[in-house]
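Listed here are the chains, written in short residue letters.
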Amino acid sequence: MRSKRLFSQIAVASAVALILAGCSSNNGASDSALPKVDMMKTLGTGEGEVNVVAWGGYVENGSNDPAVDWVSDFEKSTGCKVNVKVGATSDEMVTLMKTGDYDVVSASGDASLRLIYGGDVAPVNTDLIPNYADIFKGLKNQQWNSVEGVAYGVPHGRGANLLAYRTDIVKPAPTSWGAVFDAASPYAGKITAYDSPIYIADAALYLMKTQPDLGITYPYALDQKQFDAAIALLNIQKPLIGEYWGDYLKHVASLKSGGTVLGTTWQVNINLAKSEGVPVEGIKPVEGSTGWSDTWMISSKAKHPNCGYMWMDHIASPKANAGVAEWFGEAPSNAKACDLTSDKNFCETFHAADDAYWTDVYYWNTPTEACLDGRADATCVPYSEWVKAWSSLRNA
Amino acid sequence: MKSTIPTWMHKHPKFRLAALLFAPTSWLVVAYLGALGTLLITAFFTINSFTGDVVAKFNLDNFHDMFTDPAYRNVILRTIGIALSVTAICVLFAIPMAFFMAKIAKPKSQKILVALVLTPLWASYLVKIYAWRTMLEPGTGVVDWLLSPLGIHSPGFGGPAIIIGLSYLWLPYMILPIYAGLERLPNSLLDASGDLGAHNFYTFRRVILPLIFPSLVAGSMFTFSLSLGDYITAQIIGGKLQMLGNVVYQNFSINLPFAATIATVPVAIMAIYLWLVRRTGALASL
Chain A
5 MRSKRLFSQI AVASAVALIL AGCSSNNGAS DSALPKVDMM KTLGTGEGEV
55 NVVAWGGYVE NGSNDPAVDW VSDFEKSTGC KVNVKVGATS DEMVTLMKTG
105 DYDVVSASGD ASLRLIYGGD VAPVNTDLIP NYADIFKGLK NQQWNSVEGV
155 AYGVPHGRGA NLLAYRTDIV KPAPTSWGAV FDAASPYAGK ITAYDSPIYI
205 ADAALYLMKT QPDLGITYPY ALDQKQFDAA IALLNIQKPL IGEYWGDYLK
255 HVASLKSGGT VLGTTWQVNI NLAKSEGVPV EGIKPVEGST GWSDTWMISS
305 KAKHPNCGYM WMDHIASPKA NAGVAEWFGE APSNAKACDL TSDKNFCETF
355 HAADDAYWTD VYYWNTPTEA CLDGRADATC VPYSEWVKAW SSLRNA
Chain B
9 MKSTIPTWMH KHPKFRLAAL LFAPTSWLVV AYLGALGTLL ITAFFTINSF
59 TGDVVAKFNL DNFHDMFTDP AYRNVILRTI GIALSVTAIC VLFAIPMAFF
109 MAKIAKPKSQ KILVALVLTP LWASYLVKIY AWRTMLEPGT GVVDWLLSPL
159 GIHSPGFGGP AIIIGLSYLW LPYMILPIYA GLERLPNSLL DASGDLGAHN
209 FYTFRRVILP LIFPSLVAGS MFTFSLSLGD YITAQIIGGK LQMLGNVVYQ
259 NFSINLPFAA TIATVPVAIM AIYLWLVRRT GALASL
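As you go down the protein sequences, you meet chains A and B in turn.
For the first sequence, position 221 matches number 225 in our numbering, and the numbering has no gaps at all.
For the second sequence, position 129 matches number 137 in our numbering, and the numbering has no gaps at all.
Simulated from the structure, these hints should not be mistaken for lab results.
If you're wondering where the values come from, they're calculated on a predicted model, not measured in any experiment.
Any given hint could be a false lead.
Simulated coverage check for chain A against chain B, where a stretch passes if three residues somewhere in it have a Cβ under 8 Å from a Cβ of chain B [said to hold, decoys possible]: (1) 53–60; (2) 93–103; (3) 152–158; (4) 253–267; (5) 376–388.
Some chain A residues well away from chain B (every beta-carbon gap over 12 Å; in silico) [as the list claims (entries may be wrong)]: (6) Lys175; (7) Lys348; (8) Thr353.
Note that CB positions come from ideal geometry on N, CA and C, so glycine has one too.
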């Protein structure tokens with residue numbers, strides 16, 4: 005009995021010691037000042053490999069579909085072996101990049117600023133990336149991929165979140181996001197919404213266009229009053245929702261079965277559903293839309309910076325960019341990519357060069373306490389509060 | 009003098025035991041208790057609101073948030089309710105099934121029945137839940153088709169669907185312990201009860217139930233704890249409904265300390281549950 009007690013005491017003591025050892029490493033509390041990270045000056049020779057964090061479908065080496073391969077050529081010509089880790093969400097990507105084990109990342113706008121201010125990514129010397137010159141002007145040096153005019157990455161591709169509806173069931177066809185926020189909707193229980201805190205911006209966008217009194221000018225810059233109004237709208241919407249979607253394949257299946265007849269979606273989902281014969285259409289409603297514009301960024305702790313730069317140049321090249329855009333279903337960022345897509349109407353379908361189309365698309369961005377719309381007299385609700393509010397809304 | 013070390017080992021039985029147990033205990037302490045301890049400590053930390061970095065500053069904000077926001081009280085109660093319902097349903101289905109297997113079926117078919125009960129465990133969890141998704145699909149699913157002549161519709165995706173799915177998944181874990189308990193129960197007891205004039209139900213209530221109670225407890229620990237921690241079923245057939253596991257999943261990459269706080273809830277509930285079970289004395293007679 006005595007030795008038993010002694011044994012358990014040792015066990016507890018060693019467990020506590022281990023935990024304390026584990027804790028001491030992450031004491032670095034960073035504030036919101038921009039960390040100083042040096043930019044690469046000259047391109048050296050490749051290190052033999054590059055570790056990539058990317059959205060599924062962004063880095064294809066032919067193993068999913070032999071015809072879909074823009075990695076093998078790169079590996080052959082540069083000698084950099086590409087190791088890819090697929091990130092499922094922006095938040096997961098941020099977590100992965102913080103480990104320092106990865107060299108480059110395809111970050112959406114709701115991840116990029118967090119990475120920049122967390123000191124996890126380095127500014128990019130665009131002179132070392134020849135293909136940067138052909139990127140559409142409307143994508144360069146934007147709020148989500150640059151700070152004070154310094155580029156932090158290479159624009160990759162963009163898409164708008166669309167309003168999907170089953171043409172055989174939803175009549176008349178919707179033209180406004182109001183269709184998914186209407187408490188008296190005849191389609192209650194068959195409406196869907198995107199399952200992420202960033203969806204709060206969709207409600208804010210609708211309020212921005214329908215309730216000008218609130219004074220919302222940018223859906224990612226909401227002060228407490230505007231934020232509460234958006235959450236209130238989402239609470240009105242909740243009884244209408246059948247399912248919130250996160251997994252795009254499940255979402256497509258739901259559109260097919262009729263479990264979902266109306267709600268927010270991506271172009272790639274519409275294409276997939278249509279290819280399965282589902283009578284479905286996706287529109288950008290009159291209020292405009294939220295969307296995403298992804299950026300390839302390089303880690304500040306990159307162990308293979310040269311291969312990382314070569315990868316960023318390669319993925320922005322017309323051929324690779326066209327390949328990704330077509331495989332994933334988004335608008336390419338390289339103007340020359342449009343000549344290389346296998347579907348000649350591709351760039352037209354995805355409005356790649358149609359600047360007017362994108363003027364009312366509000367790309368995902370990371371909300372911060374300093375209002376992103378430039379208001380100096382207001383404090384905005386930061387993303388961590390968005391996360392809490394969304395979690396609370398979903399679990400209520 | 010050739011075998012110095014074995015001789016020495018023979019003379020020191022305590023050292024022998026320590027050397028033997030070193031690997032398993034260190035695994036238990038480091039991987040199991042260590043992880044649990046880290047989780048508990050992280051629950052008291054906070055994050056940088058912008059970059060999401062964990063800041064190791066001791067505070068109780070997460071617990072304050074969890075207890076003051078009615079959403080989390082709801083999700084805790086909902087999860088306990090689901091776990092209890094699943095356990096109750098499993099008991100209701102498992103007792104007759106196990107009784108038939110142990111007492112009525114011929115010895116030869118007993119083995120086949122045990123194998124049949126185990127077969128669902130050979131298939132992947134995900135496959136089974138996606139199958140339920142197809143079956144429960146409102147309007148087009150097979151459940152709707154079966155029930156429509158009775159004027160009933162499929163419950164669709166939500167709480168009832170989660171309870172159905174989890175009950176289906178964990179039923180074997182309830183049947184097997186009850187079956188084992190019933191097998192040990194001598195038939196003569198049932199005959200004696202009948203000879204003394206007890207009805208079937210009375211025999212069940214006064215003879216069988218008290219004797220298989222430890223088995224019921226063992227089974228309920230499986231069904232209750234597995235349901236308590238599940239989040240994939242809720243994700244696939246739960247519609248917009250969430251369980252505790254979903255809250256953890258939703259928060260772990262963005263706000264790890266808060267996810268850790270939520271994760272302490274099932275740990276606490278299970279501790280209370282085991283404590284209650286211990287008080288009944290069922291664990292001693294397993």
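Tested hints:
no., hint, in the structure
1, 53–60, "violated (count 0)"
2, 93–103, "holds (count 6)"
3, 152–158, "violated (count 0)"
4, 253–267, "holds (count 4)"
5, 376–388, "holds (count 3)"
6, Lys175, "holds, 18 Å"
7, Lys348, "holds, 37 Å"
8, Thr353, "holds, 30 Å"
Checked against the numbered hints given earlier, this structure breaks hints 1, 3; the rest are met.
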